[in-house]
Amino acid sequence: AQKVTQAQTEISVVEKEDVTLDCVYETRDTTYYLFWYKQPPSGELVFLIRRNSFDEQNEISGRYSWNFQKSTSSFNFTITASQVVDSAVYFCALSGGGYSSASKIIFGSGTRLSIRP
Amino acid sequence: NAGVMQNPRHLVRRRGQEARLRCSPMKGHSHVYWYRQLPEEGLKFMVYLQKENIIDESGMPKERFSAEFPKEGPSILRIQQVVRGDSAAYFCASSPPNRDIQYFGAGTRLSVL
Chain Z
1 AQKVTQAQTE ISVVEKEDVT LDCVYETRDT TYYLFWYKQP PSGELVFLIR RNSFDEQNEI
61 SGRYSWNFQK STSSFNFTIT ASQVVDSAVY FCALSGGGYS SASKIIFGSG TRLSIRP
Chain Y
1 NAGVMQNPRH LVRRRGQEAR LRCSPMKGHS HVYWYRQLPE EGLKFMVYLQ KENIIDESGM
61 PKERFSAEFP KEGPSILRIQ QVVRGDSAAY FCASSPPNRD IQYFGAGTRL SVL
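Chains Z and Y are the protein sequences, given in the same order. Residue numbering for the first sequence follows our numbering, starting at 1 and increasing by one per position. Residue numbering for the second sequence follows our numbering, starting at 1 and increasing by one per position.
Bear in mind the hints are in silico, worked out from the structure with no lab data behind them. Since the structure is predicted, the reported quantities are computational estimates derived from the model, not experimental observations. Honestly, I wouldn't trust all of these hints.
[To be verified] Derived pair list, reagent style EDC-like, types lysine to aspartate or glutamate, alpha-carbon separation capped at 16 angstroms: (1) Z:Lys38 with Z:Asp86; (2) Z:Lys70 with Z:Asp22; (3) Z:Lys3 with Z:Asp18; (4) Y:Lys51 with Y:Glu40; (5) Y:Lys44 with Y:Asp86; (6) Z:Lys38 with Y:Glu40; (7) Z:Lys3 with Z:Asp29; (8) Z:Lys38 with Y:Glu57; (9) Z:Lys3 with Y:Glu41.
Taking the hints into account, I'd like the entire structure generated from these sequences.
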């Protein structure tokens, strides 16, 4: 079975601090995809990144970076120099790589991030 | 290129009424997915459709819920005889033929009184 665990329910930091959101996943697929989505207070879901299971290179996009470690089944997300606008619920997610399993995305329960001014 | 369009954004229904949620995928996208987000929870997959076909409905409740994606027009998620427990945000996503990334709409928030 596929499963995504985000153990941190809520995180609150002061602006400009760095913050890491943890994500641990379970899957039996050899090919799979990992995602992060952001849900701001307005409620929409914003795609941040997709990573496939064969690519373990870390990725950096501005203040955002992602650390994918297959050995520990983790796909952590770090925001550097956090800003108030980063306040949102962040979802880690997983989908399979086969035709039938790629149809659905399995979401974690989300981490609510609050950035205090 | 317009994003995934869902309407209405907010829908209020009384118990026993029907709810119809619409989703227009992004241009060029032929795959549509519906997810439900209960309060304070993550999104849960409901159904995956291509034009005129239901591909995977493993997440759909067995009764009262149905979905379609006709040859012309938007995808429709229909909930008959709504109950209070149906109150949730319903998100639609679409993906291109290679299905690499699902792009989500803004959601429809259904409130059942």
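A quick look at each hint next to the structure:
1. Z:Lys38 with Z:Asp86: Within the cut-off at roughly 9 angstroms; holds.
2. Z:Lys70 with Z:Asp22: holds (14 angstroms)
3. Z:Lys3 with Z:Asp18: violated (27 angstroms)
4. Y:Lys51 with Y:Glu40: violated (32 angstroms)
5. Y:Lys44 with Y:Asp86: Roughly 13 angstroms between the alpha carbons, so the hint for Y:Lys44 and Y:Asp86 holds.
6. Z:Lys38 with Y:Glu40: Judged against 16 angstroms, a Cα distance of about 14 angstroms means the pair holds.
7. Z:Lys3 with Z:Asp29: holds (12 angstroms)
8. Z:Lys38 with Y:Glu57: violated (25 angstroms)
9. Z:Lys3 with Y:Glu41: With a Cα-Cα distance of about 14 angstroms, the restraint between Z:Lys3 and Y:Glu41 holds, given a limit of 16 angstroms.
Comparing the model with each earlier hint shows violations of hints 3, 4 and 8; every other hint is respected.
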